[in-house]
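A.B. asks: Chains as they are written, first to last, in full-length UniProt numbering: chain A, 1 to 227; chain B, 1 to 227; chain U, 1 to 229; chain D, 1 to 231; chain X, 1 to 231.
Among these hints, one or two may not hold up.
[To be verified] Pairs of lysine-lysine, DSS-like flavour, derived with a Cα cap of 25 Å: (1) K220(U) <-> K14(X); (2) K134(U) <-> K175(X); (3) K6(A) <-> K100(D); (4) K175(X) <-> K3(X).
Simulated from the structure, these hints should not be mistaken for lab results.
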Amino acid sequence: MRDLIKSALAITWKDLYAEWRTKQVFSTMLIFSGLVIVTFSFAFDPTNNTIRAVIPGMIWVITIFAGILGLNRSFISEQYNDSLHGLIVSPIDPSSIYFGKFLSNFIIVLFVQMITIPLLFILFDYKMNGNILLFLLVLFLGSAGFICVGTFLAALSANSRSSEMLLPIILFPVISPIVIAAVQSTRILLIDVEEIESLFSWISLMAGYDLLFFVFCFFLFEFIMEV
Amino acid sequence: MRDLIKSALAITWKDLYAEWRTKQVFSTMLIFSGLVIVTFSFAFDPTNNTIRAVIPGMIWVITIFAGILGLNRSFISEQYNDSLHGLIVSPIDPSSIYFGKFLSNFIIVLFVQMITIPLLFILFDYKMNGNILLFLLVLFLGSAGFICVGTFLAALSANSRSSEMLLPIILFPVISPIVIAAVQSTRILLIDVEEIESLFSWISLMAGYDLLFFVFCFFLFEFIMEV
Amino acid sequence: MHRSLIWILIILMSVALYLVFIWSPIEKVMGNVQKIFYFHVGSAWVAFLAFGVVFVYSILFLMKRKRSYDMIAGISAEIGVLFTAIVLTTGPIWGRSAWNTWWTWEPRLTTTFILFFLYLAYIFIRRMDGAWEKKARLAAVFGIISFIDVPIVFMAIRWWNSKLHPIVFGDAPNQSGGGIEGEMLVTLLFCLGVITLLYIVLLQKGIYIERTKLAVENVKKNIQEKLMK
Amino acid sequence: MIKTVTLNKTIAEKTILNDINITVNQGETIGILGPNGAGKSTILKIIGGLMKPSFGHVMIDNIPVKENNLEIKKKIGFLAHNSYLYEHLSPVENLTFFGKLYQVNQLEYKVKELIREVGLQFFMNEPVRSFSRGMIQRLAIVRAIVHDPSILILDEPHTGLDQQASRILNELILKKKEQKTTILMVTHDLAQAIETCDRFILMKKGVIIDDFVLENKNVHQLKEIYLRQVG
Amino acid sequence: MIKTVTLNKTIAEKTILNDINITVNQGETIGILGPNGAGKSTILKIIGGLMKPSFGHVMIDNIPVKENNLEIKKKIGFLAHNSYLYEHLSPVENLTFFGKLYQVNQLEYKVKELIREVGLQFFMNEPVRSFSRGMIQRLAIVRAIVHDPSILILDEPHTGLDQQASRILNELILKKKEQKTTILMVTHDLAQAIETCDRFILMKKGVIIDDFVLENKNVHQLKEIYLRQVG
Ligand code: HEM
Ligand SMILES: Nc1ncnc2c1ncn2[C@@H]1O[C@H](COP(=O)(O)OP(=O)(O)OP(=O)(O)O)[C@@H](O)[C@H]1O
Ligand SMILES: Nc1ncnc2c1ncn2[C@@H]1O[C@H](COP(=O)(O)OP(=O)(O)OP(=O)(O)O)[C@@H](O)[C@H]1O
Ligand SMILES: [Mg+2]
Ligand SMILES: [Mg+2]
């Protein structure tokens with residue numbers, strides 16, 4: 001177990017170090033989020049009054065679309081020179097690859113959210129007045145679930161030649177429960193505060209999803225890395 | 001000029017033939033569109049009455065997001081074994097690469113639209129009653145502009161190691177005029193038929209954009225293919 | 001030359017600040033917030049200018065392939081993005097008091113936002129991996145294409161009949177142009193001059209830094225090559 | 001000790017390996033020879049743990065390699081056709097990363113030493129992206145041996161190496177051989193093969209057609225045997 | 001005829017080529033030798049039109065290759081480190097596609113003939129994706145010659161080829177030589193180089209250090225010269 005964490009951290013460290021030097025994934029995700037916001041704003045006429053209602057949806061649509069870019073990269077970068085094979089032949093538990101990649105992706109996504117969400121609030125002129133701690137919890141749980149499944153499926157799709165195309169189509173259906181739960185709890189927190197009592201069931205749904213999928217992915221990962 | 005078209009068609013043929021055998025890009029784009037529709041229907045509560053208002057936006061959001069998958073693939077597939085270099089050293093005009101790729105991408109996108117748009121209408125229970133020919137014209141002009149710029153920028157971003165990340169962030173801002181124009185004209189045709197007189201200025205904007213960018217891209221492409 | 005420019009700039013800037021905050025009249029409706037107007041408009045103009053420079057030098061680069069052209073284009077784009085960012089922050093600050101909202105999706109604002117992203121994308125292309133010739137060439141191509149948005153931003157309020165964003169210069173479709181007092185106009189023009197000068201100084205500084213970086217790189221490689229022999 | 005027991009491999013209904021039985025004793029240096037498409041790389045991949053046989057199994061040190069056995073993986077050093085290197089990282093960073101995964105001691109010192117050994121000391125901190133083919137191959141070789149494996153699997157290791165680097169590689173193999181490392185090498189270059197290997201396995205169309213020891217280092221004799229058998 | 005005039009190349013402030021002047025007459029077969037990272041591939045890329053020199057220029061048939069000259073490109077056949085093949089297409093489809101770009105006559109017949117020549121006839125309609133390294137290299141070679149170029153640029157063409165394929169390749173080169181094709185070949189395998197080349201260019205650290213003709217086909221002499229000059 002200690003070895004597992006050690007090699008996981010070595011992988012996380014390698015990824016974050018490369019990212020720190022170039023800041024490529026991070027800045028791309030950031031700009032992409034901005035662009036998705038703009039694109040949506042002209043696709044869906046935001047001067048409309050009902051616009052506040054779409055903010056919870058936007059938060060998660062942005063996270064997912066920008067997140068997919070990062071998830072893709074995370075394993076595509078292991079494809080040049082077949083370096084993923086280098087990880088496979090090395091004496092580490094396959095799950096540590098999963099855990100390492102999960103951590104680096106999760107950290108990057110959290111950083112991106114720290115910037116995009118305030119920006120979204122400003123651009124759509126929304127004043128936060130719900131419970132901020134709960135809101136952070138929801139973000140944390142939702143993103144964790146998304147990245148947990150996302151990392152797993154990114155590894156799966158990395159086996160295909162056209163992985164950057166495959167990932168979104170296998171990812172969307174699987175994450176739909178967590179997306180629904182995340183959007184609903186965000187909606188309750190940001191807009192329909194009166195429904196607060198149903199919030200907890202959504203949150204526990206998310207926590208359950210996270211736990212379930214993390215354990216699942218952690219143990220099933222071995223089969224993905226098998227050759 | 002005849003040689004240019006001949007080699008362009010050889011490239012289009014190769015791409016469409018590979019696509020015909022695997023149907024990979026086509027089916028991925030299709031499924032992805034379906035998933036985007038579903039995701040949006042969670043995020044934006046489709047039981048809402050105002051939902052008809054988002055249909056024009058949806059048509060174009062789907063086209064763009066699915067289109068990006070295809071555009072990316074179109075040049076990433078030339079990166080394995082450096083086969084793009086094979087095209088560069090061969091005695092063909094660089095613009096014929098552009099033209100060939102433009103054609104194959106455009107054809108695929110039109111096919112995808114032929115399925116997704118009726119599907120969208122069915123799922124959102126919308127009955128088309130505008131002028132169908134004009135609608136097709138708008139689709140044609142909008143997609144042509146999008147693919148015209150998209151093919152060009154996909155070739156540009158293919159120079160980068162992480163092209164699948166670079167493409168969306170350089171593409172979105174450049175295509176924003178055509179997206180706005182396309183969404184607006186679609187909206188007028190499908191929903192606000194009373195504003196029909198302003199339709200023609202949007203359509204001529206699109207035609208102008210298409211023409212301008214096609215000529216620009218066609219002649220600037222040589223600089224992109226330079227080594 | 002550079003030094004003296006900086007001094008001139010500092011002096012002119014203080015004059016400009018004096019003109020803005022003390023000499024020029026306070027606007028009746030909006031009050032003191034309106035002072036931001038001078039910076040807002042100034043930055044916008046300089047951003048346009050900077051992108052114009054990118055455009056021109058991109059074309060020049062594609063024709064002549066001189067590294068200095070590419071350098072100027074790159075630095076100018078960075079300065080342009082900086083000033084666009086200023087427009088995008090001063091605008092909302094002003095908008096907060098004028099329109100009682102930070103942001104609305106109005107043509108001028110939207111197109112400016114897109115302009116910002118366009119040149120961010122330009123900078124991204126420059127930061128791609130690979131040899132500078134390649135990056136310079138691709139960036140130049142993109143610099144030419146993306147300039148198309150600049151006239152669109154400028155014309156946005158004129159074409160789309162905006163109700164919110166005011167027009168001062170030129171003919172407006174419904175408002176008459178020139179709703180500005182003489183003293184304000186003088187201050188504005190002066191500010192424009194000063195900010196343009198600021199742009200020139202920044203550009204020079206940027207080129208200087210870039211050159212130094214190159215020189216350092218050169219020395220490093222030379223030492224390495226000597227070691228290998 | 002490596003032993004393959006009736007290895008068979010079929011991909012997409014095509015037989016690639018057919019009843020491969022090899023026994024390699026510790027400290028042996030074996031050259032696997034054969035025409036293109038014979039299945040040489042496939043055998044190495046199976047032994048290295050990069051591919052599963054369709055039938056049969058591999059025993060390493062008398063343990064059947066079935067599950068993902070970390071102890072055995074640690075013993076193997078694998079150099080494949082691809083380099084497994086990260087292009088945006090420098091040689092030092094690459095080796096340090098792989099060294100960490102293999103839990104190598106005194107990593108920092110060792111990495112520098114290895115890089116020096118293959119003559120890349122002046123490129124130590126440059127990203128691998130800009131390397132020439134031979135430079136990448138040099139680095140790929142040290143990547144495979146960073147953890148002092150007791151079994152070394154080399155797939156055409158001389159590819160792209162210049163004279164000097166080939167010599168370095170041969171010396172390295174001989175040094176490893178003295179340390180009782182088991183070495184399996186695929187190559188098409190008979191002259192290089194004879195320099196280091198004592199025993200040769202000839203393959204053709206997925207089957208082993210010969211397996212002989214040749215200690216006299218006579219390349220002509222090897223060539224003759226090869227041509228006679230493979231034609 | 002190929003002539004390079006004070007070719008210089010710097011990438012990222014690093015000098016890779018330094019004043020390269022080579023004159024190659026029509027029908028000559030030249031081997032370019034030198035250690036890893038000497039800049040051999042870079043020269044070939046510049047002549048082949050895959051890279052621009054930072055300074056200096058290349059003349060082919062007395063025309064300076066500046067613009068994108070289709071006539072000259074048609075004359076050149078270029079085999080680089082990578083195969084340029086499309087993985088999801090079969091050999092026939094790959095060659096047909098490139099043949100179309102080069103406007104080859106009687107394409108269908110020719111493609112089959114070439115594939116047969118390098119012994120891939122049984123894999124004619126399988127996607128290249130599943131090929132072994134040597135099979136890919138065989139196909140890459142015929143890709144480069146599908147249009148009967150009068151200038152042939154080969155970067156380590158023997159890589160991964162087995163004995164038989166190397167022989168086929170050498171014969172092919174000799175045949176082309178008889179047809180007065182100009183051939184430039186980079187290789188590290190002196191034995192193969194001597195089989196086909198008459199003139200050798202030695203490079204080191206981006207400069208040419210020797211340029212000599214050796215007609216006696218004596219590999220030991222070549223090796224001696226190489227080692228003396230390059231060390
Ligand atoms: C919120 C974001 C805003 C953005 C992105 C923005 C953007 C711009 C840009 C790009 C220009 C220069 C173009 C030109 O001169 O034609 C400009 C000019 C100007 N802006 Fe803004 N603006 C914003 C908010 C505001 C607000 C709130 C006001 C005042 C109510 C304002 C008043 C002006 C005026 C008076 C000019 C000079 C206009 C002219 O004659 O064209 N802007 N703005
Ligand atoms: N994924 C695959 N699908 C189908 N066939 C495959 C696949 N991988 C390998 N093959 C086939 O298996 C055979 C053996 O391949 P292998 O790579 O082991 O050859 P090799 O002996 O290493 O040849 P070389 O000397 O050219 O490297 C080849 O005929 C190849 O076509
Ligand atoms: N894109 C690049 N950026 C920086 N340096 C580069 C780049 N490409 C090549 N080089 C450097 O140029 C030098 C020559 O490279 P080249 O590929 O021409 O060598 P080579 O003689 O073909 O070597 P080999 O025998 O190993 O193939 C090397 O030192 C390499 O590091
Ligand atoms: Mg092999
Ligand atoms: Mg080389």
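A.B. asks: Take the C-alpha atoms of K175(X) and K3(X), compute the straight-line distance between them, and say whether it is at most 25 Å.
C.D. replies: Status holds; Cα separation ~23 Å.
A.B. asks: Verify the proposed pairing of K6(A) with K100(D), using a straight-line Cα cut of 25 Å.
C.D. replies: 9 Å, holds
A.B. asks: Keeping to a limit of 25 Å between CA atoms, is the pair of K220(U) and K14(X) held or broken?
C.D. replies: Given pair K220(U), K14(X) holds - Cα atoms ~10 Å apart, limit 25 Å.
A.B. asks: With the threshold set at 25 Å, check whether the alpha-carbon distance from K134(U) to K175(X) stays at or below it.
C.D. replies: Outside the cut-off at roughly 39 Å; violated.
The structure does not agree with numbered hint 2 stated previously, though it agrees with all others.
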